[in-house]
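J.: So the chains spell out like this:
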Amino acid sequence: MSVRRVMGTEIEYGVSVPGQPGANPMVTSSQVVNAYGARPELTRGGRARWDYEEESPLRDARGFSYSGALYDPAEALADEDLGLANVILTNGARLYVDHAHPEYSTPEVTNPRDAVLWDKAGERVMAEASRRAATIPGAHPIHLYKNNTDNKGASYGAHENYLMRRSTPFADIVMHLTPFFVTRQIVCGAGRVGIGQDGNTPGFQISQRADFFEVEVGLETTLKRPIINTRDEPHADADKYRRLHVIIGDANLSEISTYLKVGTTSLVLSMIEEKALPGDLGIADPVSELKAVSHDPSLKHLVRMRDGRRLTALDIQWAFYERARAFAEARRGEDETEEMTFDVLDRWESILDRLGRDPGLCADELDWVAKLRLLDGYRERESLGWASHKLQLVDLQYSDVRLEKGLYHRLVARGSMKTLFGEDEVRRAMVEPPGDTRAYFRGRCLAQYASEVVAASWDSVIFDVGRESLVRVPMMEPERGTRKHVGALFDRCASAKDLLEAITSG
Amino acid sequence: MATREPGGQSQSGRSRREEDIDQAPAPEANAEVTERHEKLSEDVDDLLDEIDSVLEENAEEFVRGYVQKGGE
Ligand SMILES: Nc1ncnc2c1ncn2[C@@H]1O[C@H](COP(=O)(O)OP(=O)(O)OP(=O)(O)O)[C@@H](O)[C@H]1O
Ligand SMILES: [Mg+2]
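Chains A and B, in that order, give the protein sequences. Residue numbers 1 to 506, in our numbering, belong to the letters of the first sequence in order. Residue numbers 1001 to 1072, in our numbering, belong to the letters of the second sequence in order.
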């Protein structure tokens, strides 16, 4: 029982060019990504370079698997044909265009704190990318928002990814996670002005995403969005692992919201894997309760359970909390990340306690409460109704990634919002990878041997070291290729050629 | 449908809090709530003034112009 787990977040940012309604969002998104990636060391590799046969997989001395799927140049070319920008950063993250949005996917991390740090680094990457894009002569300024809806019917995602044991039955995941996901929004919702997909009904709701979910379980992510997504693409050894792709979350600005979102989810996953949950929290109609919970910031709504009980979202969160606490207490001493596990539990308890007394007490920690405090302030001072454009602007601009413009960032700057990390740590995470996953290997390759790296993905790095064919290093184990495993090797090898020789002669 | 576990965990979560309320010296708890609430709300005016100074101009046009394509 632990919050420790391989995980990562992906955020699609809202993108707009004020005053240019005709701007093509794919083009604008590409401009953003390219502006950040427009450093020679990150963009090397032309089309011709992909036309090589795969070299025999490397013998592995340091934990790289021999048997990754063969590198398929045709597949890589198909992606490139779409002309969409896609770069890998020295911190191990992926920065690319997904549909009509720029997206930042964090490097794989092993715990909630690191997830917050590299997720936050992504915000700064986006801010820097749009700043650079604006310096191109003739360019219009491009604004980026870490939110999930335009309030006109469109939603875009903020996904979480968790490594799980393949042996855990998917039905167990569905049974326990569904009530957890329907109710965790009271902790990690980002807040939204407007009810309904198009936001046309005036009002405030807890979550950005709730109104866009239509089914309980499914593979889709763009239509008929499911509470539990069944995508099964582990980017790792599929016999051992599943990557649980969670699409129901809101994009959070608050570090504490993100921390509790991934921390509490991680704890629940741990209990599911250990079969520690009794399964008595089934909700009768999860899809409509998801919306009902979101639409009630007073937290009084009673959710109808399958067994006929009626519980508030807070009751259900308390139930998960109590079980997680008891489970963790019973296993003290077994968890190498114990301090963080109990930190998540303590903060979770404190938040639930305050939400139960008066949600306003969480205004300096949780996004939806912080946003609501601003909105209520304006409503009172300027007698505004929920349909007011000013309130909608506050909702939108809360998520502006620019430090000088984003309302969340203004709250932090004046000490009205608590954070977990200092700005220097966030800046460092923009360029440095986490040390304890394969992202370390990926990131250091990019930082050190950029001219020899042709491509990289979650589970491989492909080099051109002047041989007849490209060399692909598969990384099917997310916790290999760490600083501990390969740090010294990187310190020693001046070129990728040296590195590959060192690995093969291992 | 009857609950198989009358003393189920969710109940205990709730009753635990009720106990807290019963047992804890109520005035103290209330004082804490009030104090914290005051601290959080006393500067709302300053806060709004500051936010006003960075809010985009012409809220209506700005909000209208924010149109996205779906994603994911
Ligand atoms: N084996 C793994 N287990 C858990 N998380 C992983 C694993 N491998 C990669 N990740 C994380 O999963 C995310 C993958 O991001 P990516 O944007 O490529 O997502 P995707 O779900 O494959 O694609 P899409 O954006 O098209 O939905 C990253 O945050 C990464 O850190
Ligand atoms: Mg993605």
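One thing to keep in mind: the hints can contain errors.
[Said to hold, decoys possible] No farther apart than 20 Å at their CA atoms in a straight line, the calculated lysine to aspartate or glutamate pairs in the EDC-like style are these:
#, chain 1, residue 1, chain 2, residue 2
1, A, K497, B, D1045
2, B, K1069, A, D353
3, A, K418, B, E1056
4, A, K497, B, D1049
5, A, K418, A, E479
6, A, K405, B, D1045
7, A, K405, A, D364
8, A, K300, A, E214
9, A, K390, A, E214
10, B, K1069, A, D364
11, A, K418, A, E432
[What the hints assert, rightly or not] Negatives, chain A to chain B, calculated, CB over 12 Å:
#, residue
12, D150
13, G487
14, R492
Bear in mind the hints are in silico, worked out from the structure with no lab data behind them. Predicted model, so just to flag it, every value in this text is computed and none were measured. Glycine included, every Cβ here is placed at the ideal spot set by N, Cα and C.
J.: Please work out if K418(A) and E1056(B) have their alpha carbons no farther apart than 20 Å.
T.: 25 Å, violated
J.: Checking one constraint from the list: CA of K405(A) to CA of D1045(B), max 20 Å. Satisfied?
T.: 19 Å, holds
J.: For K405(A) and D364(A), compute the direct alpha-carbon distance and say whether it is at most 20 Å.
T.: 19 Å, holds
J.: Could you grab the alpha-carbon distance between K1069(B) and D364(A) and see if it respects the 20 Å cut-off?
T.: 32 Å, violated
J.: Given the hinted pair K300(A) and E214(A), is their Cα-Cα distance within 20 Å?
T.: 23 Å, violated
J.: Could you let me know if the closest chain B CB is still more than 12 Å away from the CB of G487(A)?
T.: The assertion about G487(A) holds, with a minimum of 36 Å to chain B.
J.: Are all beta-carbon distances from D150(A) to chain B longer than 12 Å?
T.: Not fine: 4 Å to the nearest Cβ puts D150(A) too close to chain B.
J.: With a cut-off of 20 Å on the C-alpha distance, tell me whether K418(A) and E432(A) pass.
T.: Violated, at about 24 Å.
J.: Is the Cα-Cα distance between K1069(B) and D353(A) 20 Å or less?
T.: With Cα atoms ~39 Å apart, K1069(B) and D353(A) exceed 20 Å; violated.
J.: Below or equal to 20 Å on CA atoms is what counts here, so check K418(A) against E479(A).
T.: At roughly 31 Å apart (the allowed maximum being 20 Å), E479(A) and K418(A) break the hint.
J.: Would you check whether the claim that R492(A) is not at the interface survives, using Cβ distances to chain B and the 12 Å cut-off?
T.: About 42 Å separates R492(A) from the closest Cβ of chain B, which puts it past 12 Å; holds.
J.: Is it true that the CA of K497(A) sits at most 20 Å from the CA of D1049(B)?
T.: 59 Å, violated
Of the numbered hints stated above, those contradicted by the structure are hints 1, 2, 3, 4, 5, 8, 9, 10, 11 and 12, listed in ascending order.
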